[in-house]
Amino acid sequence: SQQGEEDPQALSIQEGENATMNCSYKTSINNLQWYRQNSGRGLVHLILIRSNEREKHSGRLRVTLDTSKKSSSLLITASRAADTASYFCATDAGNMLTFGGGTRLMVKP
Amino acid sequence: EAGVVQSPRYKIIEKKQPVAFWCNPISGHNTLYWYLQNLGQGPELLIRYENEEAVDDSQLPKDRFSAERLKGVDSTLKIQPAELGDSAVYLCASSLNKDEQYFGPGTRLTVT
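Those protein sequences? They're chains C and D, same order as listed. Going by this note's numbering, the first residue of the first sequence is number -18, and it counts up by one from there. Going by this note's numbering, the first residue of the second sequence is number 6, and it counts up by one from there.
Isolated chain C (complex conformation):
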């Protein structure tokens, strides 16, 4: 079973635009992580936000966490064609990551 649910399931934007992906989950968590997966490859860790944090930045990435709504969002600013990939949120409720179904992002050059 997958705790996290990403929204939208697919997103297509033009290079330079911002991309926002949302993740909702069901149970209390220690932290929430975002991973990227290029086609045919393994997952790459992007950013981790702990349950006591509300916002975190890393380069062109901005992650927010609202534990009262059990939701998180990932914003990619000034998108590039190389950002084309699937993005997964994963919740850690204690030594185990539970992944959502992912958002498939396509950035058109």
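Think of the hints as simulated: they come from the structure by calculation, not from any bench.
Derived CB-CB ranges, DEER-like:
(1) L89/D - R35/C: 40 to 48 Å
(2) E49/D - P(-11)/C: 17 to 25 Å
(3) P(-11)/C - N43/D: 17 to 25 Å
(4) G21/C - V78/D: 25 to 33 Å
(5) E36/C - K103/D: 22 to 30 Å
(6) G40/C - E19/D: 41 to 49 Å
(7) N11/C - G8/D: 22 to 30 Å
(8) V10/D - S32/C: 29 to 37 Å
(9) P90/C - T81/D: 41 to 49 Å
(10) S71/D - R35/C: 38 to 46 Å
Computed far set for chain C versus chain D, every beta-carbon distance over 10 Å:
(11) S32
(12) R41
(13) T45
(14) S49
(15) S52
(16) A62
(17) D64
(18) A74
(19) M87
In this text, a Cβ means the ideal position worked out from N, Cα and C, and glycines have one as well.
Assemble chain D onto chain C, guided by the hints.
Using the frame of chain C, we list chain D on its own:
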């Protein structure tokens, strides 16, 4: 630093045949994970090792799946016999601090 190594990258077998996947984690990472990823879905945990001990194998279908990590380093995941529904990508990951996980490229299994 070498990443997580998995082999083979691709495997095609007939149903009812056995198959094995191998994973070598990043040096020094004592936690190792095996995940199954179906097309268009996120990974699902099969088993987690702390050194050589399987500490979470509740999602591993034990009638046909088995795993081992004898010396607490590399690991093998086996399916015997394979079924059509086992076609998926099998991902291995390792971690040092139980926060960030490092994934290998996966083994894509096709059962015909």
